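Chains as they are written, first to last, in this note's numbering: chain A, 19 to 644; chain B, 12 to 383.
Keep in mind that the hints were calculated from the coordinates and are not lab data. This structure is a prediction, so every number in the text was calculated from the model and none was measured. Keep in mind that a hint or two might mislead.
[Said to hold, decoys possible] Covered stretches of chain A (in silico footprint by chain B; criterion: 3 or more residues with CB under 8 Å from a CB of chain B, positions within the stretch not fixed):
| no. | segment |
| --- | --- |
| 1 | 62 to 70 |
| 2 | 160 to 166 |
| 3 | 286 to 292 |
| 4 | 433 to 443 |
[As the list claims (entries may be wrong)] Cross-link-like lysine-lysine pairs, in silico, DSSO-like; alpha carbons within 30 Å at most:
| no. | chain 1 | residue 1 | chain 2 | residue 2 |
| --- | --- | --- | --- | --- |
| 5 | B | 220 | A | 117 |
| 6 | A | 252 | A | 146 |
| 7 | A | 77 | B | 144 |
[Said to hold, decoys possible] Now the in silico label distances, taken between C-beta atoms and shown as ranges:
| no. | chain 1 | residue 1 | chain 2 | residue 2 | range |
| --- | --- | --- | --- | --- | --- |
| 8 | A | 131 | B | 63 | 50 to 56 Å |
| 9 | A | 218 | B | 224 | 50 to 56 Å |
| 10 | A | 248 | B | 75 | 39 to 45 Å |
| 11 | B | 61 | A | 255 | 37 to 43 Å |
| 12 | A | 40 | B | 61 | 42 to 48 Å |
| 13 | A | 40 | B | 202 | 20 to 26 Å |
| 14 | A | 218 | B | 212 | 43 to 49 Å |
| 15 | A | 254 | B | 165 | 45 to 51 Å |
| 16 | A | 507 | B | 54 | 46 to 52 Å |
| 17 | B | 54 | A | 182 | 28 to 34 Å |
The beta carbon of each residue, even a glycine, is placed where N, CA and C say it ideally should be.
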Amino acid sequence: MNKKLFAPQKKPQRSIQEVLTFRAVFLQVVFFILALLLCVRLFFLTCFQYNHFATLSLKNQMKILPVTPPRGIILDRNGVILAENRPVYVLEVIPEHVKKLEESLANIQKILPSLTADDIQRFQKERKQHRRDTPSVLKMHLSLEEVAIFASHQYKFPGFHISAKLMRHYPFKKKMAHIIGYVGRINEHELKTIDNLNYQGTNFIGKQGIEKYYEDILHGTVGYEQVETNVNGKIIRVLSKQPPVSGRKIYLTIDARLQKIAYKALKGVEGSVALIDVKNGGVLALVSRPSFNPNLFTTGISSKDYKELLNSKERPLFHRAVRGLYPPASTVKPFMAIAGLEGGAVNEKFGIRDPGWFMLPGVSHRYRDWKRTGHGTVNVSRAVMVSCDIFFYTLGHKLGINSIASMMSKFGFGELTGIDIPEELPGIMPSPIWKKAKKHQSWYPGDTIITSIGQGFWLASPLQLAQAAAILSQKGVGYKLHMLNKMIDENDNQIIYSPIAKSPIELSDPHYWQIVHDAMHAVITNNEGTGYRFGRDAFYPVAGKTGTAQVFALSQNDHNKKTIITNKYLKDHSWFIAFAPVESPEVAIAVMVEHEMTASQVARQVLDAYFQGRNNEFIKENISAH
Amino acid sequence: MRIKNSPTYKLPRLGLHIDLPLMILILLLAAFGLIILYSAGGQSMAVLMRQSMRLISAFFLMFFLSFIPPHKYKSWTPTLYFIGLLLLIAVMIIGRIGKGAQRWLDLGFFRFQPSEIMKLAVPMMIAWYIDKKKIPMSLPTIIISASLMLIPCALIAKQPDLGTAIMVAIAGGSVLFAAGLAWQFFALLAISGAVAAPFLWHFLHDYQKKRLITLLHPEQDPLGSGYHIIQSKIAIGSGGTFGKGWLNGTQAHLNFLPEHATDFIFAVCGEEFGLIGGIIIITLLTIIALRGIYIAKNAHSTFTRLLATSLISTFFLSGFVNIAMVMGVLPVVGIPLPLVSYGGTAMLTFFAFFGVIMSIGTHHIMFEEKVR
């Protein structure tokens, strides 16, 4: 049958007419079948795979975009802005929409010469951390002129666009750099720890200081926008919106005026100042100098600038106030006096004759006094006033290292102050246990002797000394140090920081406090006091104590020869701690000046500024009392 | 001379040689095409007007061609074919001088593609040649007929314009098929095609190879050449039974679907009118084809029968290949959807086809011809 129908040339009896007609009919059948096949395929796509394709179609057009919350601004106690958000123009690239990225980058460099190789390198690195369909920043801080130039060339650069962004700005620049810290681009390490959902639209994260410590509060909560986009990612319309919750506004205890004055007081030297409110532990000023401009970091610092900062001999990136660990030296003497009185090693009347040196029984080594000739007859008050080493050698030797260490840790030595700066270091309060654990050596009696005058293994930060002075001024009552004063959320609800009291130091006789307070007052006011450089003309009563931290230890014999050290970096550091007013203390201060003896003058300038800010009545009252 | 009394579709009062059912079907398809195009073209009145103007001029061309009696076509056939062939060679030489693809011949006031002429000239020439010889065809007849088709095909494919080359091959092949070419030849063609495929592969342009690979695995390269297929399948599939509604297709309007006004316009129809819209197009195409074959069947000479069969087959198979390609069944080749896709040249060619078919259908008195 088939053969008959389908092989017409073998059946010559079949007419041409029949052949042609048959083939035509056959074609009609074929067309019908082909049409049917198309319909089946169409049915399959539209009915069986409808859900699959409908989802893909929605995915194509709908996008959920994160809306970055504005970062909370940071203000000082009086509302002066310390960190704010400024609008800047940013050139961004969506790599998915760029066909020849390298070529486009080279071309865009031609029209925007300010785009450096550094920028491109940074962009290439950032791009790899992002999805291909999300923008990565190519260049920050475009000038208005550059924005105009780019706009006129934009059609040549699909996938490139300019957006206005809020950029962190620190108006006090170097003066606040260490405490406020700065924000920078989120790095790979941080990427693992942050809440990726909340940081979807965020490029920056607090890297140091307050910015880092209060990152959670400052960041806010990301918002979302559901948008319809076309194939180029261009937003056609916004379908729905969930606004972001902006970060909270933070008020610090810092007083910008005092911070500025303290910064200026350290001009030309390396050092730091810590000024704290003794009534609640709030930090009024915390300066480390030299410093750096944190605004460099928000834009992505160039590797050259960064190297310069890193390799500078003055170490501007180093936060001396909380990370600078120095031997506290003679500034520990008031605290040692409290420890000696409380531990019974000395009493108010106990006196020694100071020949200028001290020897441990059975050892020939002579521990010298800073004053070669000695101070004559010395009791505890005089010892603090003239900073007599020999008295405290004796006191320390009698008291023993364990009693010393236990009392000093009550003053906060060797422990973190708990201030809201993440970089803080605890320092070292040496003890036999510590030495065993860290140095694998046993404790020698000689160790106790040098510890008694704050040398040896003992290391403390300026902030720790300010804290110890504050506890002393309040006769044992101390507060956890803090810089947060209050925060305000977007509904204007205030959350005020309430000070956290530490467990107070209880002495068997509270009179001991007075003995030390008086002795410290004498440091400033007495002719023989070591604090003469501070100046007794201050219009407020001050209790203070000086200190000289040895950098380069001279041998015993050299000491006599009064070798003059010419190398600046081998010169001693100077300390000054104080609280004022003596009778009802308000503030405590610690100043460290490296390789210069000017700590007390710096403290004077800062305290003057503090009290000048008070009302005139106070000044009158106290000048008469002076 | 045997004159069959077939029903007349001549409209005596107007003097038009119009096949009314075919005319109505063409109008329906073209009208539906305009509706889809309005949406696919981004609701641009300019696009719509331009396409309408083309349609009107194409209708005039059809009316004009339907007036010419079939025997005139027959007598012009060799001339038309050889002119077409010469133009193809001319285009090739100009293309050599210029760079890249050269399909157009610029006559200053008018640009046209000689390959379009061949869509008509090749089936005419083969029908003319077979008509001169005997049916059933002898082997030399078959070989010469095949050569008449393959030479222009090769020239067009070289341009490179694979879509048109395939259409010309379909046109020529369908004449041979309609003339009763033995099944064995088609089987032989299929086998030799399969054997030659690996060799032919080397002659394909890179983009053509890519399209073939992409057809098999579109997901391998979702942003490259697989993109067309994926996006058009999304458009059609997401249309569902009734579609997203006219002007509501997101795939086309947000530019996810490429070439949505031209080669991929069927996907827009599928997205906005769903299964129903797709079936309407397929049905119209099929009924037009069936009507065309009916006219061919009733034609009075071997030449006209073969020619009409070939032209209507080319029309239908173009539509089939286009729709199958848009639905991801056949590789992406540049074949437009007849009467619907935006663009003038292809439209004119198809209306010329219908003009010739109508001429064949309405001139039923053939003076010097009879069916042998």
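Hints and how they fare:
1. 62 to 70: Three-residue rule met by the segment 62 to 70 of chain A, so holds; n is 6.
2. 160 to 166: violated (count 0)
3. 286 to 292: Three-residue rule not met by the segment 286 to 292 of chain A, so violated; n is 0.
4. 433 to 443: Violated, because only 0 residues of the segment 433 to 443 of chain A bring their Cβ atoms closer than 8 Å to Cβ atoms of chain B.
5. B:220 <-> A:117: Holds, because 22 Å separates the two Cα atoms, which is no more than 30 Å.
6. A:252 <-> A:146: holds (22 Å)
7. A:77 <-> B:144: violated (61 Å)
8. A:131 <-> B:63: 50 to 56 Å: Given a distance of about 52 Å, which is inside 50 to 56 Å, the answer is holds.
9. A:218 <-> B:224: 50 to 56 Å: violated (37 Å)
10. A:248 <-> B:75: 39 to 45 Å: Since the Cβ atoms of residue 248 (chain A) and residue 75 (chain B) sit about 43 Å apart, the hinted range of 39 to 45 Å holds.
11. B:61 <-> A:255: 37 to 43 Å: The hinted range 37 to 43 Å is violated for residue 61 (chain B) and residue 255 (chain A), with Cβ atoms some 29 Å apart.
12. A:40 <-> B:61: 42 to 48 Å: holds (44 Å)
13. A:40 <-> B:202: 20 to 26 Å: Given range 20 to 26 Å: holds, Cβ gap about 24 Å.
14. A:218 <-> B:212: 43 to 49 Å: Holds, since residue 218 (chain A) and residue 212 (chain B) (Cβ atoms, about 47 Å apart) stay within the stated range.
15. A:254 <-> B:165: 45 to 51 Å: holds (47 Å)
16. A:507 <-> B:54: 46 to 52 Å: Given about 48 Å between the Cβ atoms, the range holds.
17. B:54 <-> A:182: 28 to 34 Å: holds (33 Å)
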